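Enquirer: Here's the letter readout for the chains.
Protein chains: 2
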Amino acid sequence: MQMKAYIEIVDKKLDEYIPVSYPEDIFKSMRYTVLLPGKRLRPVMCIESARMFGADLEDVLPAACAIEMLHAQTLIHDDLPCMDNDDFRRGKPSNHKVFSEAIAVLAGDALLTFAPQIILKNSKNLGSEKLVRIMEEYFQAAGAYGVIAGQVVDIENERKQSEGERITKDEHSEILHYLHLHKTGDLFRLAIRTGAIIGGADEKALKTLTVFAEKLGIAFQIADDILDEEATFEEIGKTPGKDKIAGKLTYTSLYGINKAKKDLNSLLDECRKILSDNGFKSEIFEEILSKIKKD
Amino acid sequence: MQMKAYIEIVDKKLDEYIPVSYPEDIFKSMRYTVLLPGKRLRPVMCIESARMFGADLEDVLPAACAIEMLHAQTLIHDDLPCMDNDDFRRGKPSNHKVFSEAIAVLAGDALLTFAPQIILKNSKNLGSEKLVRIMEEYFQAAGAYGVIAGQVVDIENERKQSEGERITKDEHSEILHYLHLHKTGDLFRLAIRTGAIIGGADEKALKTLTVFAEKLGIAFQIADDILDEEATFEEIGKTPGKDKIAGKLTYTSLYGINKAKKDLNSLLDECRKILSDNGFKSEIFEEILSKIKKD
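Chains as they are written, first to last, in the working numbering: chain V, 28 to 322; chain L, 28 to 322.
Calculated from the structure, these hints are not laboratory results.
These numbers come from a predicted model, not from an experiment.
Take these hints with a grain of salt, some might be off.
Pairs count within a copy or across copies, as identical chains cannot be separated in the list.
[As the list claims (entries may be wrong)] Capping the alpha-carbon separation at 30 angstroms, the derived lysine-lysine pairs in DSBU-like fashion look like this: (1) Lys-187 with Lys-66; (2) Lys-55 with Lys-196; (3) Lys-148 with Lys-242; (4) Lys-286 with Lys-300; (5) Lys-320 with Lys-124; (6) Lys-275 with Lys-55; (7) Lys-187 with Lys-55.
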């Protein structure tokens with residue numbers, strides 16, 4: 028199946044999974060960000076990972092959609108005025124601009140438990156043991172040891188910078204790696220590992236895919252940093268160069284755009300090598316890897 | 028075992044369950060609100076409900092503590108400036124005053140997934156089927172169909188009031204019932220049902236306990252409204268009369284303090300009747316019921 032077909036199925040299911048009921052505002056707010064048109068990269072990776080291990084599409088769709096909901100949760104809360112204070116997301120006003128800060132906080136909260144609820148409701152035939160395993164993966168990625176750890180370190184680094192605290196390049200390098208690993212890598216890992224678990228992958232395959240997902244996450248983030256510097260509003264759907272103007276720690280600000288492009292290519296090559304060395308045949312992952320490359 | 032002994036065990040376990048690791052601020056912020064001295068009503072009810080059905084204390088402690096963490100999550104986010112904007116909680120500065128709004132949002136987010144993670148990590152011997160069932164109960168109570176629905180309706184009602192929208196007494200009465208049922212009742216129901224599920228209660232007992240928990244939740248909320256009107260800062264650890272001054276919809280503002288006290292007594296009697304009619308013998312629940320009564 029082609030990437031486009033995956034995306035269409037995911038979009039349809041996301042719409043189905045979040046019906047509007049009373050009190051309407053919370054469901055409308057959840058739907059607003061979840062259904063913003065997007066690349067659906069995480070659900071696509073989850074579905075493709077499951078397919079590589081022989082799972083049926085029906086069995087992986089709830090988890091794939093749940094991970095997109097979790098991703099939307101992080102976007103809603105990251106955009107809040109007390110966080111990154113972003114007025115736009117994917118070219119549209121961010122959630123708290125359309126609804127209110129209070130509803131945006133609550134919609135994010137709601138998605139955090141709505142997402143795994145969708146898995147439990149719609150994946151009964153996976154059996155309780157697999158479901159518990161998937162829940163463990165979800166909590167690990169969504170929580171204080173996962174994406175939240177990344178966001179906290181991001182915020183604290185910015186506070187230190189704004190207070191003029193001296194941070195060495197080595198320290199910045201470590202912080203940036205941590206940010207990429209958690210803010211992006213954790214959801215990539217969740218998507219890919221969850222798909223593989225649903226497909227019945229063994230521990231060895233899961234370990235290999237964990238390394239693959241982390242490298243892919245870092246590559247994606249470097250590409251995003253390059254894009255923020257080089258793209259227009261129309262291309263990325265948010266104010267470009269904002270990170271640079273804000274003096275934000277990015278891969279390009281730390282290492283320069285040339286090294287960023289070089290390292291991105293190396294990481295993408297390493298990802299390809301992991302796929303071929305382990306006999307993971309996937310046109311979809313090949314396509315994702317080729318689309319990340321921006322130079 | 029006495030209520031005091033339950034509270035001590037819960038406090039000790041809550042402390043153990045949230046070790047501080049990197050990045051420290053998020054764990055410190057989670058610990059700050061979770062470990063504020065409190066009545067631990069929800070964990071006590073969870074433990075006692077499990078005991079009534081013969082469960083071992085060890086088997087229910089993770090779930091009991093997780094529900095207290097969820098309760099703390101709702102307090103942290105409810106106190107935020109964009110929500111109820113409360114500077115104090117249990118006599119201490121609220122979470123966002125000690126840390127920052129950003130960290131408070133993230134600590135709440137983290138607790139939402141940390142809590143069920145504690146259950147999965149520490150309750151393996153319950154078996155996967157029971158764990159899935161407990162997760163379902165947790166998501167239902169924590170999410171958009173549970174406490175969050177209550178908070179959304181609360182916020183929207185206040186917005187309507189401040190905009191001078193005309194709301195009839197019947198409408199207010201319905202809204203208030205909905206608020207009490209969700210903002211308080213849902214976590215009481217979660218605590219009591221989860222304990223009973225761990226103890227192996229059958230469907231009939233669970234249904235009876237659901238009614239009991241909902242009545243107890245509403246009674247507790249009415250008592251809280253009475254207290255807000257009659258108590259001092261020292262007694263309740265937050266600014267008293269704030270709800271009244273803010274023109275907030277409360278049981279006392281809607282029905283007057285006399286009817287509030289009368290209805291509270293009726294509800295407590297109904298709760299006692301449910302216990303005795305169904306052979307649920309519990310000194311702890313008797314004690315909770317007698318402590319709620321304020322007149």
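Enquirer: Work down the list of hints and note, for each, if the structure agrees.
Expert: Verification of the supplied hints:
1. Lys-187 with Lys-66: Cα proximity of Lys-187 and Lys-66: none, with 34 angstroms in one copy and 38 angstroms across.
2. Lys-55 with Lys-196: between (44 angstroms within a copy, 28 angstroms between copies)
3. Lys-148 with Lys-242: Between copies only: 28 angstroms across, 32 angstroms inside.
4. Lys-286 with Lys-300: Within one copy only: 21 angstroms inside a chain, 74 angstroms across chains, cut-off 30 angstroms.
5. Lys-320 with Lys-124: Close neither inside one copy (33 angstroms) nor across copies (44 angstroms); limit 30 angstroms.
6. Lys-275 with Lys-55: Classified as between: cross-chain Cα gap 26 angstroms, same-chain 32 angstroms, threshold 30 angstroms.
7. Lys-187 with Lys-55: This pair counts as between: shortest inter-copy Cα distance 18 angstroms, intra-copy 37 angstroms.
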